[in-house]
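Visitor: In order, the protein sequences belong to chains A and B. Residue numbers for the first sequence follow this note's numbering, so the first one is 1337 and each next one is one higher. Residue numbers for the second sequence follow this note's numbering, so the first one is 86 and each next one is one higher.
Just so you know, the hints here were simulated from the structure itself, not pulled from any lab data. We put the CB at the ideal spot given by N, CA and C, even for glycine. Hints are not guaranteed to be accurate.
[What the hints assert, rightly or not] Pulled a few chain B residues facing chain A out of the computed Cβ check, cut under 10 Å:
hint, residue
1, 141
2, 167
3, 171
4, 231
[Stated by the list, open to error] Heads up, simulated SDA-like pairs for lysine to any residue below, C-alpha to C-alpha not over 25 Å straight-line:
hint, chain 1, residue 1, chain 2, residue 2
5, B, 104, A, 1406
6, A, 1363, B, 279
7, B, 202, A, 1381
8, B, 186, A, 1350
9, B, 202, A, 1400
10, B, 104, A, 1398
11, A, 1369, B, 279
12, B, 104, A, 1402
13, A, 1369, B, 274
14, B, 104, A, 1363
15, B, 104, A, 1381
16, A, 1378, B, 146
17, A, 1369, B, 99
18, B, 202, A, 1406
19, B, 202, A, 1410
20, A, 1363, B, 146
21, B, 202, A, 1409
22, B, 202, A, 1363
23, A, 1378, B, 239
24, A, 1378, B, 202
25, B, 202, B, 275
26, B, 104, A, 1369
27, B, 202, A, 1369
28, B, 202, A, 1401
29, B, 104, A, 1400
30, B, 186, A, 1398
What follows is each chain in one-letter form.
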Amino acid sequence: MNFVLDRLVRRIARDPSLLDELAGEAKAAGLDKGDLRLLLAKDLAGLRERGVHPLLLMQLAGALRIEPMAALGRRR
Amino acid sequence: MAQLIAGYGTSHTGMTIRKYDPAIPAQARVHAAFDRLREELEALAPDLIVMVSSEHLNSFFYDSYPQICVGLGNQSIGWGDAGVASRTVPIAGDFAAHVVKFGIEAGFDLAWAVEPKLDHGFLCPLSLLTPEFNVPVVPIFQNSSTEPLPPFRRCAELGTMLRAAVEARGTDERVVLLAGGGLSHWVATPEMGDINSEFDRWFLGRVEQGDLAALVALDVADVGERAGNGGQEIRNWITAMAAGQGPGELFCYEPVEQWATGMALARLFAR
């Protein structure tokens, strides 16, 4: 589990506009720079590798209108 | 005393509503099973439904994360997540408070929350089974998603306690127990889209036989491997089974490819 990243992902899933001000948010949350890059790139598979909770990945996919099966399934 | 008149299990994916295509036979059969269960509930006319289901990091998060939590109060509203419309759900608050008090006095350290919002884990089945939302509910959240997960033995003990709580109630409510979740599915993992029908059919075979012992003996990690991280929701069925005496009756099982889930509905026990 990645508590720092999970907290931020959950906030973004509820307010995707936070992505626009993510650099400040990430610093405040103590987020790893690599994780910040994954978030800005909306790289769900990369975020999964970093330990983001599966349910939060699904919430983020919904908020960002990304088809989760295509982004995360092995048939992607 | 109050009576536990029946127990049921249903899958709860929001896609049952959000992605329903009646032209696809497997999906239509699932909805027919929901219709059958809804009619059975209408005939039973319970005074309340105790519903054990799982939530999806909507109502609870890392600031406070219960393994088991009972909803108290007068009413809850839905999150409106997963394509399932938000509704107002009446809470059987007095009965819920009785469950908490009974459970704690019996050594079961239940968490409780006043009028917690409910996500699709509750709202999907309830929308299909009590569409008027005119039957009060005792919502019981059981962790199925976030490690460490409770052993299945503990989930069965919850069911045993719930039966005892019903029977200890001095008033004469007629209670239905409803479990929400499962069967095999993988959430946000590379296997997402897979369904393990072999596991699902084995599980449902145990449901039909009322073979609780075989389910309690399951290993949590092994279930995650064979039925997926979403398959851990079968623990809610195990809780409901433990509150009654099988055999169960399967209403339907369909591995619904479009919903990426093994879908099942069953009567777990009847009085």
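Visitor: Each hint needs a verdict: does it hold in this structure or not?
Guide: Status of the hints after comparison with the structure:
1. 141: 5 Å, holds
2. 167: Interface hint status for residue 167(B): holds (8 Å vs cutoff 10 Å).
3. 171: 15 Å, violated
4. 231: 7 Å, holds
5. 104(B) with 1406(A): Between residue 104(B) and residue 1406(A) the Cα gap is close to 16 Å, so the pair holds against 25 Å.
6. 1363(A) with 279(B): With a Cα-Cα distance of about 38 Å, the restraint between residue 1363(A) and residue 279(B) is violated, given a limit of 25 Å.
7. 202(B) with 1381(A): 29 Å, violated
8. 186(B) with 1350(A): Judged against 25 Å, a Cα distance of about 35 Å means the pair is violated.
9. 202(B) with 1400(A): Measuring from Cα to Cα gives roughly 23 Å; hence the hint holds.
10. 104(B) with 1398(A): Roughly 14 Å between the alpha carbons, so the hint for residue 104(B) and residue 1398(A) holds.
11. 1369(A) with 279(B): Violated: residue 1369(A) and residue 279(B) sit about 33 Å apart, past 25 Å.
12. 104(B) with 1402(A): It holds: about 16 Å lies between the C-alpha atoms, which stays within 25 Å.
13. 1369(A) with 274(B): Since the Cα atoms of residue 1369(A) and residue 274(B) sit roughly 24 Å apart, the hinted pair holds (cutoff 25 Å).
14. 104(B) with 1363(A): Violated. Residue 104(B) to residue 1363(A) sits at ~39 Å, over the 25 Å cutoff.
15. 104(B) with 1381(A): 24 Å, holds
16. 1378(A) with 146(B): 22 Å, holds
17. 1369(A) with 99(B): Cα-Cα ~35 Å, so violated.
18. 202(B) with 1406(A): 30 Å, violated
19. 202(B) with 1410(A): It is violated: about 33 Å lies between the C-alpha atoms, which goes past 25 Å.
20. 1363(A) with 146(B): Within the cut-off at roughly 22 Å; holds.
21. 202(B) with 1409(A): With Cα atoms ~30 Å apart, residue 202(B) and residue 1409(A) exceed 25 Å; violated.
22. 202(B) with 1363(A): The hint is violated at about 31 Å.
23. 1378(A) with 239(B): 39 Å, violated
24. 1378(A) with 202(B): 28 Å, violated
25. 202(B) with 275(B): 30 Å, violated
26. 104(B) with 1369(A): 37 Å, violated
27. 202(B) with 1369(A): Status violated; Cα separation ~34 Å.
28. 202(B) with 1401(A): 24 Å, holds
29. 104(B) with 1400(A): 19 Å, holds
30. 186(B) with 1398(A): 39 Å, violated
Hint compliance for this structure: hints 3, 6, 7, 8, 11, 14, 17, 18, 19, 21, 22, 23, 24, 25, 26, 27 and 30 are not met, and every other hint is.
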